[in-house]
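Trainee: Just so you know, the protein sequences line up as chains A and B, in that order.
Just so we're aligned, residue 838 is where the first sequence starts under the working numbering, counting upward by one.
Just so we're aligned, residue 38 is where the second sequence starts under the working numbering, counting upward by one.
Hints in this document: simulated from the structure, not taken from any laboratory.
Each residue gets a CB set at the ideal place from its N, CA and C atoms; glycine is no exception.
Misleading hints may appear alongside valid ones.
What the hints assert, rightly or not - The following label-pair restraints were derived from C-beta to C-beta distances:
1) B:Lys-257 x A:Asp-905: 53 to 61 angstroms
2) A:Glu-1240 x B:Asp-187: 53 to 61 angstroms
3) A:Asn-1539 x B:Lys-254: 19 to 27 angstroms
4) A:Asn-1144 x B:Lys-221: 55 to 63 angstroms
5) B:Thr-205 x A:Lys-983: 26 to 34 angstroms
6) B:Gln-261 x A:Val-1081: 55 to 63 angstroms
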Amino acid sequence: MIEPTPKQVQEEKIYRSWGLSDSEYELISEKILGRLPNYTETGLFSVMWSEHCSYKNSKKVLRKLPNDSSRVLAGPGEDAGIIDIGDNQAVVFKAESHNHPSAVEPYQGAATGVGGIIRDIFSMGATPIALLNSLKFGPIDNDQTKHLVKEVVAGIGGYGNCIGIPTIGGEIAFEKCYEKNPLVNAMCIGLLDNTQFKHGQASGNDNLIVYVGAKTGRDGIHGATFASDEFSNKKKKQRSAVQVGNPFMEKLLMDACVEIIHEHSEWILGVQDMGAAGLVSSTAEMASKADSGLMLNLDNVPQRETNMSAYEMMLSESQERMVLCIKPEFKKQVLGFFESYNLDAVVIGKVTSDKQYRIYHNDELVVDIPVDSLVEDVPEYDHQGIMPERIIESKEQYIPEMESFRDTWLSVLSSPTIASKAYLYQTYDAQVKSNTVVKPGSDAGVVRIRGTRKAITSTNDSNSRYVYVDPYIGGQITVLEAARNIVSSGGIPVGITDCLNYGNPEDPEIFWELERSVQGIADVCRKFDVPVISGNVSLYNEFNKEAIYPSPMIGMVGLIENIDHITTSCFKNSGDLIYVLGSTSSDFNGSEIQNLQLGKVEGALNDIDLDIEKKNQNLILSAIKQGLLKSCHDLSEGGLAVALSESAFENKLGFNIQTNISTVEMFSETQSRYLITVDSKNKNQIESLFGNNFECLGFVTNDSIFTVKARDGELDLELNEALNSWKEAIPCLMK
Amino acid sequence: MKFAVIVFPGSNCDMDLYYAIKDGVNEQVELVSYKETSLDGFDGILIPGGFSYGDYLRSGAIASHAPIINEVKRLAELGKPVLGICNGFQILTEIGLLPGTLTNNRQNRFICEDVQLIVENNQTQFTSEYELNEQITVPIAHGEGRYYCDDETLQMLKDNHQIVFKYTHDVNGSIEEIAGITNKQKNVLGMMPHPERAIETILGSDDGLKLFQSMVKKQKDEVQL
């Protein structure tokens, strides 16, 4: 193929199909370069200036999020953020979305999402210790969705299981709005001795740029641009933008990178993952951060296809590749080191002092532009939001209809949002490395840190229904729900990573959702002193102009100071007293039962008293530290009815309760509540600790029957019948 | 007692086994690369789970050609204990130290869960600390764990009491619910479940500990003789 000339790029407006606007192109040619960029240069600008790489549409909103606390060692800007957990140890974590690739090629899209997030962690020198994920699909009522669910789950398991990192938690939800645009968000947590932390920097004249890992092919070209565009029936030829993963290669790469950073830190100055926008993004960001220039010779890049152009090589998103900046005197050692791992490692360039980004290919200079123009000069857009018409400002709550208490109970349990996802998450290895204390299925996963008394707990949460009906309060709840999951497991929330999944931000209504929900997230993070240390933004999640629900996903990490504090959600022994901490009112807007009965969610959410929320979190942590709680479960979708059932299922225990709460309110989703069990001998102790704002509901039984006497109705339900509704729903739908 | 944990490219349960020995039974243990050609000085060989060589071609197929394999075979012939877990079991069948083969689970997907096993033979150096027919809880994590062999081999396994562990129910479609077998001489054990993940109650079960204790006891008894 003969590449178009710079003049043709301009006249035929080729840059438009790569996502650059006319004004952006003019800015580049007239102000930044003072000449027309050639084909390759235009390609570099288009990916580096895509929303995915530059956050040009969301930067203003992201600044609302607090990113500092006494524990933060590094915040956003690195491959991943770092949080101090004492004893000279730190955790590194980040979540990333792989929504668009997963829609087109679900297995590889999900697999490479996991692979990419793992690279972000080990490029910091951290050893990955846990994976989580948050998945959203359309309702499982057609073959297309079944295929998506099956392949996405297989892709996540296929990558994580092979590389040998336990998947300890996550969430899966189903909603019409995700039918053509599923969400696949993956999170990885790594453990680091904080003194060994490496910045991704390429400083110092004549230092060498080394390419390590898989060969470069034509896969994933323009992946970042693709991720920054909408789906529609008209755009189908996007498969080439998806990459193919090789977890075996990544395992070698991971082991080698962690070892070289730890054992040979004197050889290297920086390590960076080649993720979105591959070679250009990793090297340009490295150079820009270090205030240096860079010279690359593409003839040295390992290639798995022939006759690749500079444009293709620079924009390829082939997986399992890393870039290192090393001291020239250690070149031989570095290359030999990677050879011992059977990994390709070659010098592809060097650091220069003039802050220019120069690329040679076939002995020709094909790119010559200022480094900063790719990274720093991206225009920032300030959109104005408009409240969508669907938003109802009245807080008047929906009142569910209740013909049969029993039927409602069973139908809520078998609703796909609530039903057990074990059929799906059992395909993930949750235990490899032998550190997993709490596997998927409880409020949050827990891995202990070998050789210490500490453990790390983590959860992925998003309830996009709440955010859809009330973005501000919905945003608040997303963080609070995650925090309650952490606290219920015995952890102190220490940090957040997020994936902000929304529609097209150029639509004022979508921008309003983004702005309001991030404000809600930010306000709660400040109040609870939990910083957002990393994350990503995935916009343009639309199909034929229909956007997904605003879906911010919170990946929270908590520190458990003593493994004795680890608490799970399941009932332990018959005779234990059952309490609910926090009062229950009518909170039905955006709830599971509203969705079940109306087929949609609507109406504003009640305000949340953050002081009560904080007080209850502290009470739970205090009770756990005193050894008073035998189980603890956060109340969320489906309210008390669902929490009681879920807690009973694991050990097949029953319960006998009597309450002032009405039958309808058993499904209310009032915030700031916990379901706990306590040994009956500790009754006085727990009640004096809680003071007020709690109700003793009854006790755990071993007769496998759920007995409920509510204010206005009763229920006697066989555990097995409830269990079947809950456990069989998803396998049944998937058949 | 000094154990070797063989590490292939793609092994991922090597550290689990390492700690099971070091912390579980407080014995000596070293990681040994697949590139090595000698296992002199080791009293027991452990082949860990994982995805050696990415499970490309067929689980365990490429690992069976690694330099260390001749040495594993040599020690097995000398009567030294060789334990292969999960991918390690697959490798042992590939190199012919154990009969039969492991294929895709009946469900055609990866399964990770705690399962119940029955100790079918406690007269081996891997199981002497268990009661006969003892029921134990050990996790599985595999996609290709369905044990298969022909009728003749099955009869031989039964006649020689080579079936050491069985699942209590049909977990993955394995013939006769077989979870672990030994060779005729009973010094090579392959099993799909992960005893090395079941050595601490905090992780859900310590029922796997007795397997390693049995190995250590056998060796100590021999030294005393």
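Trainee: Against each hint, give a clear statement of whether it holds in the structure.
Mentor: Structure-based check of each hint:
For the pair B:Lys-257 and A:Asp-905, the beta carbons lie near 56 angstroms from each other, so the given range of 53 to 61 angstroms is met. Separated by about 59 angstroms at the C-beta atoms, A:Glu-1240 and B:Asp-187 satisfy the suggested range of 53 to 61 angstroms. For A:Asn-1539 paired with B:Lys-254, a C-beta distance near 39 angstroms fails the hint of 19 to 27 angstroms. The hinted window of 55 to 63 angstroms between A:Asn-1144 and B:Lys-221 holds, with their beta carbons roughly 58 angstroms apart.
At roughly 31 angstroms, the beta-carbon separation of B:Thr-205 and A:Lys-983 lies within the given 26 to 34 angstroms, and the hint holds. Range check, B:Gln-261 to A:Val-1081: about 57 angstroms between beta-carbon atoms, so the 55 to 63 angstroms window is met.
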